[in-house]
Amino acid sequence: MENILEIRNLTKTFQGFTLNNISFSLPKGFITGFIGPNGSGKTTTIKLIMNLLRKDEGEISIFGLDHIKHESEVKNRIGFVYDENHYYEELTAEQMKRFVASAYNNWDEEKFTSFARKFGLPLNKKIKDLSRGMKVKFSLAIALSHDADLLIMDEPTSGLDPVIRSEILDILHDVIQDENKGVFFSTHITSDLDRIADYIIMIYKGEILFNKTKDELIEEHAIIKGPLSLLDTSLKNSLIGIKKGKYGFEAMAASREAADALVKAGATAEKPALEDIMLFYTRKENGNA
Amino acid sequence: MNIIISNTSDKPIYQQIADQIKDHIMRGALAEAEPLPSIRSLAKDLNISVITTKRAYDELEKEGFIVTLAGKGSYVAAQNKELLRESRIKIAEEKLFEAVAAAKAAEITLEELEEMLKFFYEEA
Amino acid sequence: MLNLILKDLLIQKKTLGFLGLYIIIFSIAFQSVGSGAFTGIVIAVTYQLVVTASSLEEKAGSDIILNSLPISRGKIVAAKYLSVILYGLMAVLGYVIYSSILSLVPISVSVPSITPESLAAAFAGIMVMNSIYYPVYFKTGFIRARIISFILFFAFFFGLMTLFEAASGKSSNAIFQAIAEFFNSVDKTQFSLMIIGGALLFMLASFGLSVKLYKGREF
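Residue numbers (my numbering), protein chains in the order written: chain C, -19 to 269; chain U, 40 to 163; chain L, 105 to 323.
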């Protein structure tokens, strides 16, 4: 079993939004970034995986097991961190932890204690008195303390300062020191993934645009800047998200060859960051409204 | 062992890692049979992705600089002495060429340059 | 399961503190009703605890967490039904403690004693009441179910107390007289047991329905 998560032909329709027949898989031992602008279907996909939403069609298997038939077994092996706090505000962190711990078969109290110490979690404080950063760290400590094989995170870093974000990324690196574990990390703040992600899956308007290793993605894409006259040639066809300015254009080339040809014709090429790639693919100029 | 990664370099990160490890091996800073860090711990320490370090190691293995034993990790491969000497000579030649170019630019004569070379050779 | 019930008590610790106060206020306000006052108190206390727990779940959005943990939806539902019985028992205990304290101090407040009929009516009341409420709650969430719970509370609270008043035979109202006659003609213990049995069956059916509805729910 090399894939920790497999999604095939998953479809879910709401009023005004359709997650349209998406398929992808997550190899174990890696961090997979799930990117896309807000409203693209990231949270919907995660909620379908967790069976918080009911799929219309398709298959989801986690650790090779159907996620509904083996729901309890699967959930015992998943750690989750969501973007909003859903813990009971009136409970102290310690009380909340005790409740969550009782739900898992393989709760590791020692591990939790060590995370709590490492993060400086004030366990006797009520959840409502914890800062946003502390709440995320609390969720993370819980997610990491039952020997989960798959960590699912939905926008865990939104609203956190850079110091805490970097701490969290370090911890994800720790998780995949074990090559049997995997991390699925959804975010619209792609700078978190620039360094640590192994694979990048981009979703947009309910469809998967690409699913590649981050290195491939960065290597084959280039930000192209050049004179407007270039847009009158056939080279235009190899460009994505063209934005015309007064003094030239800016666009993205999706292959090395295209970038080389454009450079030869007088354009400049720059290495993109993930954010650039996401932006160019979702630009209105592509005919996206 | 130092490995310095530049994000602004045009060289892909895996290439930067492979080149630097190669350098360490050729200079003898990494001895034969010495274990290398695991791809996962190296990825963590360099704060980069596992796939990137894996690719660097694959590259090094392909070129015969390291060997990877399943379940045991990667080690510096037994280097072909002749090959190693050749590559070292090549490094010396490259550096000398740079020195000569710098000397010419500064209008240093061959005699003066030889004098310097002799001094450094005996001092080092 | 026990942890789910315990969690419901923990999150409403503050409300539990007011439990004693409730019992005192209600028993003073309704002391003229006789043993029906006890039934009313149990219904009021249970209603308050069920509603508080529901609203705190809603406030936290806890369905997301509970259903992400390896806890089956059936257990989540079952815990809510069992906690109704627990709240009822807590109300009884509170009432017993309160009335024993009052019997020790020389104040002229009469505390209606607990009769088998008032006990049966109280438990049948909370079981039926919440068996109507929970399917709605599990189908739609608390925001939409709260109106139903409020109407149910008033209907059961005043309905049952009126029934006790009628059964006492003190009123000259023709319908009340007829009710009093009916209660006098039946074996009270047997009738109480039947009522409780019926309520239990009703609760069981409601539980099945709630599980089905909650399983179809999306968050």
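If you're looking for bench data, these hints aren't it; they were derived computationally from the structure. A portion of the hints provided could be inaccurate.
Here are the simulated DSSO-like pairs of lysine-lysine, each with C-alpha atoms no more than 30 Å apart in a straight line [to be verified]:
| # | chain 1 | residue 1 | chain 2 | residue 2 |
| --- | --- | --- | --- | --- |
| 1 | C | Lys216 | C | Lys192 |
| 2 | L | Lys179 | C | Lys91 |
| 3 | L | Lys316 | C | Lys106 |
| 4 | L | Lys179 | C | Lys35 |
| 5 | C | Lys105 | L | Lys274 |
| 6 | C | Lys8 | U | Lys143 |
| 7 | U | Lys83 | C | Lys251 |
| 8 | C | Lys192 | U | Lys111 |
| 9 | C | Lys216 | U | Lys111 |
| 10 | L | Lys292 | C | Lys106 |
| 11 | C | Lys105 | L | Lys316 |
| 12 | U | Lys129 | C | Lys8 |
| 13 | C | Lys106 | L | Lys274 |
Covered stretches of chain C (in silico footprint by chain L; criterion: 3 or more residues with CB under 8 Å from a CB of chain L, positions within the stretch not fixed) [stated by the list, open to error]:
| # | stretch |
| --- | --- |
| 14 | -5 to 1 |
| 15 | 26 to 35 |
So these bits of chain C aren't anywhere near chain U, every CB distance computed over 12 Å [claimed, not checked]:
| # | residue |
| --- | --- |
| 16 | Ser5 |
| 17 | Glu89 |
| 18 | Lys91 |
| 19 | Phe92 |
| 20 | Tyr179 |
| 21 | Ile180 |
| 22 | Lys226 |
Backbone N, C-alpha and C fix where the C-beta goes; we use that ideal spot for every residue, glycine too.
Which of the listed hints are broken here?
Per hint list: 3, 5, 6, 9, 10, 11, 12, 13, 14, 20 and 21 violated.
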